[in-house]
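Since chain A is already given, all that's left is putting chain B on it; use the hints.
Sequence order for the protein chains is A and B.
Take the first sequence: its letter number 293 is residue 293 in my numbering, and every next letter is one higher.
Take the second sequence: its letter number 28 is residue 378 in my numbering, and every next letter is one higher.
No lab work stands behind these hints, which were simulated from the structure alone.
Take these hints with a grain of salt, some might be off.
Said to hold, decoys possible - From the derived model, a few chain B residues whose C-beta atoms are all more than 10 Å from chain A:
1) Thr367
2) Lys376
3) Ala389
4) His447
To be verified - Here are the simulated lysine-lysine pairs, DSS-like style, with alpha carbons at most 30 Å apart:
5) B:Lys395 to A:Lys226
6) B:Lys393 to A:Lys226
7) B:Lys393 to A:Lys227
8) B:Lys395 to A:Lys263
9) B:Lys362 to A:Lys267
10) B:Lys386 to A:Lys227
11) A:Lys267 to B:Lys393
Stated by the list, open to error - Simulated restraints, written as ranges between beta carbons of each label pair:
12) B:Arg440 to A:Gly177: 32 to 42 Å
13) B:Ser379 to A:Asn223: 22 to 32 Å
14) A:Gly177 to B:Ser379: 42 to 52 Å
15) A:Gly193 to B:Ser444: 36 to 46 Å
16) B:His434 to A:His314: 57 to 67 Å
17) A:Gly29 to B:Asp413: 17 to 27 Å
18) A:Asp317 to B:Tyr355: 50 to 60 Å
19) A:Ala10 to B:Asp352: 31 to 41 Å
20) B:Ser379 to A:Cys127: 46 to 56 Å
From the three backbone atoms N, C-alpha and C, an ideal C-beta is built for every residue, glycine too.
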Amino acid sequence: MKSTKTLHGAHHPLANNDRQLEVLEMESGIPSFPHRLEASGLFPLKPTGIDILQINMGYMCNQTCKHCHVDAGPDRKEIMTSDTMNELLTLVEKNHFPTIDLTGGAPEMNPDFRWFIEEIRKRDKACKIIVRCNLTIILANKSYNDLPQFYKHHHLEIVSSLPFYNADRTDRQRGEGVFMQSVMALQMLNEAGYGKPDSGLILNLVYNPSGAFLPADQALLENDFKKELKNNYDIEFNNLFAITNMPISRFLDYLMQTNNFHKYMQKLVNAFNPAAAAGVMCRNTISVGWDGNLYDCDFNQMLGLKTEDGMPQHIRDFDLEQLNNRSIVINQHCFGCTAGSGSSCGGAVA
Amino acid sequence: MDTYYNPDDLYKFGNITEFQKALGDKFFSWYNEVFKDSALSAKEKSLIALAVAHAVQCPYCIDAYSNDAVEKGYNNEQMMEAVHVAAAIRGGASLVHGVQMMNKVKDISM
Chain A
1 MKSTKTLHGA HHPLANNDRQ LEVLEMESGI PSFPHRLEAS GLFPLKPTGI DILQINMGYM
61 CNQTCKHCHV DAGPDRKEIM TSDTMNELLT LVEKNHFPTI DLTGGAPEMN PDFRWFIEEI
121 RKRDKACKII VRCNLTIILA NKSYNDLPQF YKHHHLEIVS SLPFYNADRT DRQRGEGVFM
181 QSVMALQMLN EAGYGKPDSG LILNLVYNPS GAFLPADQAL LENDFKKELK NNYDIEFNNL
241 FAITNMPISR FLDYLMQTNN FHKYMQKLVN AFNPAAAAGV MCRNTISVGW DGNLYDCDFN
301 QMLGLKTEDG MPQHIRDFDL EQLNNRSIVI NQHCFGCTAG SGSSCGGAVA
Chain B
351 MDTYYNPDDL YKFGNITEFQ KALGDKFFSW YNEVFKDSAL SAKEKSLIAL AVAHAVQCPY
411 CIDAYSNDAV EKGYNNEQMM EAVHVAAAIR GGASLVHGVQ MMNKVKDISM
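For reference, chain A alone in the conformation it holds in the complex (with noise of 0.2 Å):
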């Protein structure tokens, strides 16, 4: 697999979350979100709980995927350290969560991921825990080889990214080489039992666009991928997620090299969904940095966007009480979410 430097690694512009945050702003010609969310009557955005606590525990990863909003990949050191994962724990034994959502980089390159997991599970034998494995990282050495079984024993929900059902589209996104070490982790995956009916094991696939175009219909796609992943591999999977692509990071920089980012601009606005806005993730969400900074959602978080002022923003001063009265900080890049059938970690929500 080919390894290309991160935007950060690079000392690109774009590295720079106000610079980001300029370049969205400063499109001429698109509405204004908080505007569109008001004409639906949903401004100022609210909570309705938080069900899931998302985790960051890194930017590192072993891929450098085109379109990542986390700018991650192997140049990256930012990672949690056991310390953020100890007040974590407190959190966790205290209030309950009934989703804990590990994401990263990738999660498994923490060296104490798998400690993390054996304590959270300690405390909490009933939530589900989710991690987002990018694949490859199974096979990436020996010593992440039985991240399958780990995952098992843990009973552990599984999410998964293939942009598409063959090696063009995922390889271009991804990098060269991935579709068939993903289609090798798969395999494995289902050895162990995760995909196949009533194991109980959940292993569910992401796809988003290989470009600057929107999803199609979840199911429709859940169902090519079914077809073709089952009849070329003997791939069994749960749920497909479709997952919009979101105008920050590396997908912006993608969008600006190749004039796309007006017209994919224009296309997430006409695709504004008053549904889909309703059911965005930040109103049941919270997302915690690597370094324990509290977030409405994983993209503000990549964004620098912290919860509201004068709410809690670390989880050393995490209060549900108060965080589900605040207002979500939204942007321009939210369109992204409300477009469509629109968009979120567990995919289409109208």
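Just chain B, lined up with the frame of chain A:
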């Protein structure tokens, strides 16, 4: 006007109602109905539209339905096969008239 075709004009398609509203409205209402899921799925109709767009060689339609077909999850091979179907019908349409040519030649030949 520098060129006959401007990609931005695609997004102004709806403006044709400015000069004739009643007919334009009827066209768009019918058009939207045509592309809904029905006896054929919206996905199948998208691929038919892509093939027809190439048969009628409409740059706006090729732009719109290349985008639509990719969004609907068709892969590159499927889309190119649809274009080959359009090309085969166009080519066949010329060639099948060869029978007329042959008939004529036979009519006037000893």
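Evaluated hints:
no. : hint                             : result
1   : Thr367                           : holds (18 Å)
2   : Lys376                           : holds (23 Å)
3   : Ala389                           : holds (17 Å)
4   : His447                           : holds (39 Å)
5   : B:Lys395 to A:Lys226             : holds (22 Å)
6   : B:Lys393 to A:Lys226             : holds (17 Å)
7   : B:Lys393 to A:Lys227             : holds (16 Å)
8   : B:Lys395 to A:Lys263             : holds (24 Å)
9   : B:Lys362 to A:Lys267             : holds (14 Å)
10  : B:Lys386 to A:Lys227             : holds (24 Å)
11  : A:Lys267 to B:Lys393             : holds (19 Å)
12  : B:Arg440 to A:Gly177: 32 to 42 Å : holds (40 Å)
13  : B:Ser379 to A:Asn223: 22 to 32 Å : holds (30 Å)
14  : A:Gly177 to B:Ser379: 42 to 52 Å : holds (49 Å)
15  : A:Gly193 to B:Ser444: 36 to 46 Å : violated (58 Å)
16  : B:His434 to A:His314: 57 to 67 Å : holds (59 Å)
17  : A:Gly29 to B:Asp413: 17 to 27 Å  : holds (19 Å)
18  : A:Asp317 to B:Tyr355: 50 to 60 Å : holds (58 Å)
19  : A:Ala10 to B:Asp352: 31 to 41 Å  : holds (38 Å)
20  : B:Ser379 to A:Cys127: 46 to 56 Å : holds (50 Å)
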